[in-house]
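Let's have the full structure, built from the sequences with the hints guiding it.
Protein sequences appear in the order of chains A and B.
Numbering of the first sequence is given in this note's numbering, commencing with residue 1 and proceeding in unit increments.
Numbering of the second sequence is given in this note's numbering, commencing with residue 1 and proceeding in unit increments.
Calculated directly from the structure, the hints in this document are not laboratory data.
Warning: the hint list may mix true and false statements.
Below, computed lysine-lysine pairings styled on BS3-like, alpha-carbon distance capped at 30 Å [what the hints assert, rightly or not]:
1. B:119 with A:119
2. B:138 with B:148
3. B:148 with A:145
4. A:148 with B:145
5. A:145 with B:138
6. A:138 with A:148
7. B:119 with A:138
8. A:138 with B:138
9. B:148 with A:119
10. A:119 with B:145
11. B:138 with A:119
12. A:138 with B:145
13. A:148 with B:138
14. B:138 with B:119
15. B:145 with B:119
16. A:145 with A:119
17. A:148 with B:148
18. A:148 with A:119
19. B:119 with A:145
20. A:119 with A:138
21. B:148 with B:119
Chain B side only, calculated, beta carbon under 8 Å to chain A, not exhaustive [said to hold, decoys possible]:
22. 1
23. 3
24. 13
25. 16
26. 22
27. 24
28. 74
29. 76
30. 121
31. 125
32. 139
33. 141
34. 147
Quick reminder that beta carbons are idealized off the backbone N, C-alpha and C, glycines included.
2 protein chains.
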Amino acid sequence: MDRERLVDEVLILLPALGRELGRPVPLEMEEELRGEISRRGLPVGVQVSPGHIQVLIALARGPRSVGQIADSLGVSRPAATQLVDRLEEHGMVHRRPDPADRRVHLVDYVPGMHEVARKIMGVRRRQLNAALDGLNDKEALAFLKGLKAITEALGEMPGEEN
Amino acid sequence: MDRERLVDEVLILLPALGRELGRPVPLEMEEELRGEISRRGLPVGVQVSPGHIQVLIALARGPRSVGQIADSLGVSRPAATQLVDRLEEHGMVHRRPDPADRRVHLVDYVPGMHEVARKIMGVRRRQLNAALDGLNDKEALAFLKGLKAITEALGEMPGEEN
DNA sequence: GCCGATTAAGTAAGCAGCTTAAATAAACGT
DNA sequence: ACGTTTATTTAAGCTGCTTACTTAATCGGC
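Okay, structure coming up:
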């Protein structure tokens with residue numbers, strides 16, 4: 001297959017992928033996770049969008065300010081506020097003022113949520129793992145490389161410092 | 001890099017990519033294209049979203065019904081209606097009743113639009129080409145493979161028959 | 001030839017996720 | 001102490017999608 005045809009295929013594939021990526025991940029399908037969720041009194045049937053998952057990932061290495069979250073997701077501040085709002089409503093994270101600078105609101109997992117967050121990520125991770133199963137290591141690496149290249153090319157790459 | 005880390009990186013990358021993919025492609029940046037557009041009296045400064053580009057691609061092989069467009073994009077009928085509406089407003093496509101079955105509206109390029117459509121696609125194509133420039137042929141192929149796998153895994157793959 | 005069922009497209013209403021602009025509140029610098 | 005900057009939130013608005021419903025045309029059995 002020559003390069004031009006290849007690019008064309010990618011061109012056709014990308015919007016579909018984008019659409020799929022936007023769809024929320026239904027959590028309730030995952031048995032193990034459901035147990036974990038109801039055990040903690042989290043709302044069952046919650047749908048977690050990719051943005052929310054990204055926030056959860058961003059928090060994995062410790063509390064972050066709303067602004068940091070916005071930057072690491074590559075979205076505007078209000079968008080980050082909104083994402084955090086939603087996660088807070090669902091009782092997954094909470095805000096607390098930074099003692100050092102009371103303007104900043106530090107967002108962190110609710111106690112014990114770290115664990116659940118990891119499992120939620122696991123849902124997506126499993127999907128990806130399954131999808132990439134047909135690729136050998138070299139191919140997988142090449143895939144990652146291309147993905148990075150395209151993401152970078154299509155906007156000035158956010159989330160570097162997270 | 002082990003597989004787990006690789007999947008994690010993909011996991012982090014994907015939502016950002018999804019967001020970028022959703023952004024409209026500003027056409028007016030492309031000199032050559034702008035000439036072509038104003039020459040035909042198309043609105044200058046029009047932004048074409050990925051969905052619109054997909055419709056234009058779908059039409060490349062001839063007129064299509066709204067339903068076919070919806071299927072090939074993997075969206076609902078009303079969504080396709082909406083996309084076609086917009087393209088029609090911009091004078092890029094037009095509907096005409098199918099003589100064989102007057103329920104179906106065939107969507108086709110406005111005369112001469114085929115050319116412009118190809119140039120519009122060229123904008124994205126050039127971005128992709130540039131992005132994938134750093135990959136050799138083997139890698140590019142692997143990338144495509146992974147992309148297909150993920151797109152398929154993340155939803156039941158639309159657009160097969162287009 | 002008529003009538004109910006099916007099919008294509010469009011309309012309506014609503015939601016999620018983003019944007020920019022403006023408001024609020026705290027901290028900083030001179 | 002006061003004006004400026006910085007962090008966040010609020011408000012308003014847009015796009016792209018969804019589902020449920022309407023309208024219009026075709027089809028199939030009698």
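Status of the hints after comparison with the structure:
no.	hint	result
1	B:119 with A:119	45 Å, violated
2	B:138 with B:148	16 Å, holds
3	B:148 with A:145	15 Å, holds
4	A:148 with B:145	15 Å, holds
5	A:145 with B:138	12 Å, holds
6	A:138 with A:148	15 Å, holds
7	B:119 with A:138	35 Å, violated
8	A:138 with B:138	10 Å, holds
9	B:148 with A:119	26 Å, holds
10	A:119 with B:145	27 Å, holds
11	B:138 with A:119	35 Å, violated
12	A:138 with B:145	12 Å, holds
13	A:148 with B:138	17 Å, holds
14	B:138 with B:119	28 Å, holds
15	B:145 with B:119	26 Å, holds
16	A:145 with A:119	26 Å, holds
17	A:148 with B:148	16 Å, holds
18	A:148 with A:119	25 Å, holds
19	B:119 with A:145	27 Å, holds
20	A:119 with A:138	28 Å, holds
21	B:148 with B:119	25 Å, holds
22	1	7 Å, holds
23	3	7 Å, holds
24	13	5 Å, holds
25	16	5 Å, holds
26	22	6 Å, holds
27	24	12 Å, violated
28	74	5 Å, holds
29	76	11 Å, violated
30	121	7 Å, holds
31	125	6 Å, holds
32	139	4 Å, holds
33	141	7 Å, holds
34	147	5 Å, holds
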